[in-house]
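So the sequences go chain by chain: E and U. The first sequence begins at 0 in numbering that gives the first Met the number 0 and counts up one residue at a time. The second sequence begins at 0 in numbering that gives the first Met the number 0 and counts up one residue at a time.
Derived by calculation from the structure, the hints in this document are not laboratory data. Keep in mind it's a predicted model, so treat the numbers as computed, not measured. Treat the hints loosely; a few may be bogus.
To be verified - Counterexamples of contact, computed for chain U against chain E with all Cβ distances above 12 Å: (1) 35; (2) 183; (3) 219; (4) 227; (5) 240.
As the list claims (entries may be wrong) - Not everything, but these chain E residues come out facing chain U in the computed CB check (under 7 Å): (6) 52; (7) 54; (8) 86; (9) 90; (10) 92; (11) 101; (12) 222.
Unchecked claim - One-sided excerpt, in silico: chain E residues whose CB lies under 10 Å from chain U: (13) 17; (14) 20; (15) 77; (16) 84; (17) 89; (18) 107; (19) 110; (20) 144.
Backbone N, C-alpha and C fix where the C-beta goes; we use that ideal spot for every residue, glycine too.
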Amino acid sequence: MSTGPAIRVKGITKSFKDVHVLRGVDFDVETGSIFALLGSNGAGKTTLVKILSTLQKADAGTATVYGVDVATNPGDVRESISLTGQFAAVDDVLTGRENLVLVAKLRHLKNPGTIADNLLARFSLTDAANRRGSTYSGGMRRRLDIAMSLIGNPAIIFLDEPTTGLDPEGRLEVWQTIKQLAGQGTTVLLTTQYLDEAEQLADRIAILHKGTIIQNGTLTELRQLLPATTVEYVEKQPSLEDIFLTLTGDTGDTDDDHADNNLPARKEIR
Amino acid sequence: MTTHVLDDTSVLTGRSLRHILRSPDTIITTVVTPVALMLLFVYVLGGAIHTGSSQSYVNYLLPGILLITIASGVAYTAYRLFLDLQGGIFERFASMPIARSSVLWAHVFTSVTANLVSVTVVIGVALIMGFRTGASIAAWLAIAGMLILFTLALTWLAVIAGLSAKTVDGASAFSYPLIFLPFISSAFVPTSSMPGPVAWFAENQPVTSIVNTIRALFAQQAVGSDVWIALAWLVGILVVAYAFAIAIYRRKIR
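If we strip away everything but chain U, and leave its shape as in the complex, we get (with noise of 0.2 Å):
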């Protein structure tokens, strides 16, 4: 049976990616309000904002909206996950001799490459609005990595949310906060700008240092000790995560 995980992860992972190619609104939702953002702050707020540095807003801003977009995208496992639940075919798959950890992994590869996509549309606008990067293919490597990193820990919290939800709201109402979290970081303003509380959790949440890391990395410039602070709270919101999921996981099914 687990000679199969692979193949059972792909045809499950087949299935949702379906989901996404037959609606891919899902993937407009997603974008909607990152670039709607991306334009508030640049074109609106941005010429008021002093960054302290030579590059221009949309560049400076560009890494915190990454971020946002991957916080509201992987609402979409927590809703895709409940619906599975809700509808009868989790537990169509859970009687079958398949392998028990496919239909999650499903799921959140799903998840890497729906958000793989928003991000890339995204980029694509911050272009078009005069982001410029002389970053190499390494850089670019480095910066996807911390993203598909990113999407991992967070899609994983996701998929706690999916599982555990009474509601469809309440599977997708987590990520709420996700959301908001990059607005108190280095992503808008610098934390220095901060009255002392606030800059203190700023620069001492997960989002600082995961933004300093990828605005360094595109300005071709050293990451610092940043990178390894964004790693360390990377891995360590994915291990915890994954951890709790599998245990609500293994209560569900036995």
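Here chain E stands alone, though its shape is the one from the complex (with noise of 0.2 Å):
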């Protein structure tokens, strides 16, 4: 298991009818390690995500988790990923403590009680968990869904558009979700339409654009595609989400203490 990457992708292609999302995509995942996919919407994003989580077949390629091939033996990559998809996967009728303790049932895991207590705890959901999941905010059921993806300790989580919809400090939440993940040793695969995102959290970040992989490299390799920095002066206006995250204080439904200090400086996207 420590050789090689976590997830091998090789020239997969897939098509729906005659729209070819994906035209031969080929990237390597190292272990421990952050990878965005990076691609505007319709890009293949969440084909190709899919594609590796054993939903669909590509028509043709081959994608391995750990040596192990999505498509021949989709049972065995079952048990070292975890899927957190576009939309929050949770039940809306159970309490948040209950979607827990199935997703630990259904792991076939030991004292599903105690897992759900414990990630609870640590995603500050402690005080909501015997809440309907209909109740909870967006941030809240993203993530109430991460904690359900991270039960059994998956070796590999996708998360597929993980803020997408979230508001700012929902964002600032789950991106020191993922941090801590990979601070753990998980390898996660994410995929954004967002720059900033990838810059934030991504070791690796490949740009998928027109179903292939245009680029990929570290942010410091990507930065040396474009010709060398000119230094500018240009006055710094802070950006709409500096002044709103200032204002409103704290993040709201949590009492995280590391999300509001350390701002994050944003990109200005032209």
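Put the complex together from the two separate chains, hints included.
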């Protein structure tokens, strides 16, 4: 397990009728790293995640997780992965705690109640533990969703647009969670359409455009693709997000202490 | 992985039974229509209906009403399955190392449980309205068996609808024809009172043989050949619906 990449994707193609969504995708993800697939809507990010998480079959090419082929051995792959899909897969009728217990039982773990309680505490959801999923805010749902994905400590986590639809505070909460995960050695493959998200989180960034990877590298490597920086003097205006987060103070429904004091500098995207 | 089929199915069945416990309105809306029909037919129209038998009209009517109850109850299976598919929880289950068939069987077992509760409520109302039977425990078990088989057959049809529907309304619309089928059967009036082609249809569609069997069991009479025709229909529908449902499910989750 220690040798070779956690995920290896080679020549994956996928078409839906005559729409060619993926046209030959190749990349490796190193164990314990955060890998961001950056792309606009319709670039094929979700399709790729579904293929890697054994939900769909590729038309051609191979994808392996720790050397196990996702197409021929999906059952074994499912043992080492977890998917957090584009829409929070939370049962609205069950309480937060019941959602976690459900997944722990389905992963055949002992003490599902203890596992649930620990995750509730870790994700600052203890107070909301016995409320139904339908009463949760967007950020809380996403946190519960990610917490559900962590049960059983899967070695690899797929996060498909984890912060789409979240308010700035919810985004920061999710970013913190993802950084913690990678800190513990979990391999994270996330898709995003937000440039700053990839910049903040990823060890490596691959740009998926029209069904192929057009660039793949660290942030520093990608920066070197453009001409050397020229120094210009630009008046630094605070972004609306800086203003919003300063005015609203803390992070709302959590008492995380790390969220608002290290505000990431926002990049302006032109 | 396959060793967990029973565990996984029972965990997931627990989940969807909890959905029903938390929204008991699904049981209430299931029984309202059949109970209203029973009241209408027994107290308004029943007086003018000649069944040709000596038993009270509520005794005559109940078997058909029970089938209508189940036909409307299974629509909730299609509805819940559709919501699971929409909400992403289905994909979560599909990406986890759990037994593949558990997700569907959990919905099917939940349907059987919920429909048995609904049927019990309707029988309770019928008893208040004067329904009486001297059926033995064995006859009651046979009736329960027929109703469970009917529920299983219709639930697998509901699974097909839930898996292939594009909208919430579409998911439950399949049950409307099923609810109406008992009207063109021996459930409300004897088929001999119907004009030729209608009587032919009524006599040769599954509901009539099922209704006649249950009615005979309640009345402690011989079930005759009806029970075999009923069983053939039910097992046939069950096998075909199950095969289609599994095929569609395989295509959804590869």
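Hint check, residue 17 (chain E) versus chain U [nearest Cβ-Cβ separation less than 10 Å]: Hint violated; residue 17 (chain E) Cβ to chain U Cβ min 19 Å, cut 10 Å.
Interface hint status, residue 92 (chain E) versus chain U (Cβ within 7 Å): 5 Å, holds
Hinted contact residue 84 (chain E) with chain U - closest CB pair below 10 Å: Check passed: Cβ of residue 84 (chain E) comes within 5 Å of chain U, closer than 10 Å.
Evaluation of the interface hint that places residue 144 (chain E) against chain U, nearest CB under 10 Å: Hint holds; residue 144 (chain E) Cβ to chain U Cβ min 9 Å, cut 10 Å.
Hint status (Cβ of residue 222 (chain E) to nearest Cβ of chain U, threshold 7 Å): With a minimum Cβ separation of about 35 Å from chain U (threshold 7 Å), the hint on residue 222 (chain E) is violated.
Non-interface label on residue 219 (chain U), tested against every C-beta of chain E at 12 Å: Given that every Cβ of chain E is farther than 12 Å from that of residue 219 (chain U), nearest at about 43 Å, it holds.
Beyond 12 Å from every chain E Cβ - status for residue 183 (chain U): 37 Å, holds
Per-residue hint verdict: residue 20 (chain E), partner chain U, C-beta under 10 Å: 16 Å, violated
Agreement of hint residue 54 (chain E) with chain U interface, Cβ distance less than 7 Å: 6 Å, holds
Separation of residue 227 (chain U) from chain E, once the least beta-carbon distance is taken, above 12 Å: Per Cβ check, residue 227 (chain U) is outside 12 Å of chain E; nearest 42 Å; holds.
Residue hint residue 89 (chain E), partner chain U, criterion CB-CB below 10 Å: With a minimum Cβ separation of about 7 Å from chain U (threshold 10 Å), the hint on residue 89 (chain E) holds.
Hinted contact residue 110 (chain E) with chain U - closest CB pair below 10 Å: Constraint on residue 110 (chain E) not satisfied, violated at 15 Å.
Violated hints, in rising order: 12, 13, 14 and 19; the structure is consistent with all others.
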